[in-house]
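Visitor: So you can see what is in the structure, the chains are spelled out below.
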Amino acid sequence: MEQLVKKAKRHNKEAFEDLMQVQAQNMYKVAKAILRNDEDVLDAMQETALTCWEKIGSLKQDRYFKTWMTKILINHCNEICRQRKYMAPGEEIMERGAQEESFINVEWDDFLNCLDQKHRTVVILYYVQGFKTREVAEMLKVNESTVRSRLAAARDKMERAYERGGMAGGRKFGARA
Amino acid sequence: MSRFDDMVNGLRDEMDIPENVWRGYVQTLAELPEKGGNRGIMKNYDKNYGKSYGKNQKGGRRRKSSAGMAYLRAAALILISVMVLGTGVYAAEKYFGILDFLRESGNEETVPFVEAEDLIVSAPEQEKEEITEGMLADYTVKEAMCDSDSIYVVLEARAKEGGRYFFIPEDAIAEDPISDWGMEEGISAGEYAASRNLEIVHVNAGIQNMEDLGIAVSAIYFQSVSDDVMDIMIECGKNVKEKTLDVVCTGIVWDESMESMDDVLRTEIRFTLTDISDAVSEAYVPAGSAEIPGTSAVIERAEVTQTKLGTYLEIVYKDESEDWQQMPCFRLAGAAAGEEHQVRIASGTEMLGNGENLWKLSLTKTELGDTIELEAYNAETKEVYGTFELMRQ
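Order-wise, the sequence lines are chains A and B.
Under the working numbering, the residue at position 73 of the first sequence is numbered 1548, and the numbers go up by one with no gaps.
Under the working numbering, the residue at position 169 of the second sequence is numbered 181, and the numbers go up by one with no gaps.
Read the hints as simulated data drawn from the structure, not as lab findings.
Even glycine gets a Cβ: it sits at the ideal position worked out from N, Cα and C.
Among the clues, some could well be false.
[What the hints assert, rightly or not] In silico BS3-like pairs for lysine-lysine, Cα to Cα no more than 25 Å straight-line: (1) A:LYS1504 / B:LYS330; (2) A:LYS1616 / A:LYS1541; (3) A:LYS1488 / B:LYS330.
[Unchecked claim] Output of the computed footprint for chain B on chain A, the stretches with three or more beta carbons under 8 Å from beta carbons of chain B: (4) 1508 to 1518; (5) 1522 to 1529; (6) 1545 to 1557; (7) 1591 to 1597.
Work out the full structure, taking the sequences as your base and the hints as a guide.
Guide: Here is the structure:
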């Protein structure tokens, strides 16, 4: 990946395209955890790609590309949240369109329903993307202890939701359709 | 594995990006402005695109980097895997060593323990520095081992003040059963701590200078020794070839009362680890055609490094197309091919430059003959490109 970053920093469009396509799935998971709505997810991914293309020359250490890119993505997601006024204090409730319903797998469906946005985000960044709590804290501009407490709370909520036998959709965690 | 872990594993699975999102995103990438040019005109959300959500887009451009994605995914999985072992609590004077961890994690049949003993360094000379004031625990490197391309380090976290704390892994929560880190009583951490009037404290350790050592992935294992003593083993593969390694470990401690990342207590431990394994490397070259059908790749050579503990296989192939979608992965075929568990760590494609790429496999000890058979395959589509024979030079 660092080879691609090096080339992209030299304004090689093909390398940048390859680099960003490799990152697409990571980006989608993070943005989906924050925004839920696919139209807004795409918006955030596109803005992130454009910002990265404009700013990649300022990336000091090539190996931190993913961290740097994810910070940019989260900033764009937050901006979209502000514009759309998605989040009521506490927990947002988004109406998911039929398209997501038919695409999304059971784990994601349960995950999105079970947790609020702030808990979903830390779970995705820490458990799925593999960032350290310190990096997650920096990305979200919160204390590391806040990240840890959110992780613990998220885990707790998910376990409890499972034990209750289901969430809003009435399905159990982990049960595959 | 807990239900939470099941759930998280499901989230880690590769997923199909909805086609309308993918198309809009790819279109944006294809229409990037020149540097400094106008932007914002290429954003597009194809709402009317067919409702093919979840459809597997084989042959499309969903993920160009099958090998790369496989690598990233594998790395993420291993990096955050916090493994805990279910055995009895050790007496306070004894620690849980590398062989104990390997035995308890199911490697008794695949790791030659007698040979491993020769490589293990006990209580290496080490320099400790408490990075933060008020550190609650003493961290000590109890054992370390380097076997050519692998490193193992066991650290012990021991409370400075006895009888006050209950150590649990960094990622654990009060509801987790204490048997998760080797204690025998079937109650939760919170219940256990409350019953003994102990304060729960989270501990963890890791290698800090991973980049210097060429470490991409690592696994961490926990074993409780007593209420306030926890042994932690770090296992990782490495890419650097130097025989003498300067290793920097960090031990951390935190509890629920801490409000800021600045409050996390840290100790840094430095020590030198020498690779004293009897590594022997041999080169293999293709016996026949090395062109991989369906790709632009050509196998150039393989290097097999044998140690007493393991077998490390590096396959170098040329592929100037940079077509990540078709880029091959490799595994042993023929007589040497075994069960999946023989692969301890599989790396991903590493670009060496000039069109050369490297694929690396860390295997449990596997005897290879004068020839080896390699199977080239596509990690994403599972398509097998072909089998190739390589001869020892």
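Visitor: Indicate, hint by hint, whether the structure satisfies it.
Guide: Evaluation of the provided hints:
Straight-line distance between C-alpha atoms of A:LYS1504 and B:LYS330 comes to about 33 Å, which puts the hinted pair past the 25 Å bound. For the proposed pair A:LYS1616 and A:LYS1541, the alpha carbon gap of about 17 Å is at most 25 Å, so the pair holds. Restraint check for A:LYS1488 and B:LYS330: satisfied, since their Cα atoms lie roughly 23 Å apart, inside the 25 Å limit. Counting residues of the region 1508 to 1518 of chain A whose CB lies closer than 8 Å to any CB of chain B gives 5, which reaches the minimum of 3, so the coverage claim holds.
Proximity of the region 1522 to 1529 of chain A to chain B, defined as three or more residues with a beta carbon under 8 Å from a beta carbon of that chain, is established by the 5 residues found. Counting residues of the region 1545 to 1557 of chain A whose C-beta sits closer than 8 Å to any C-beta of chain B gives 0, which falls short of three, so the coverage hint is violated. Coverage of the region 1591 to 1597 of chain A by chain B is violated in this model, with 0 residues showing a Cβ closer than 8 Å to a Cβ of that chain against a need of three.
When each numbered hint is compared with the structure, violations occur for hints 1, 6 and 7.
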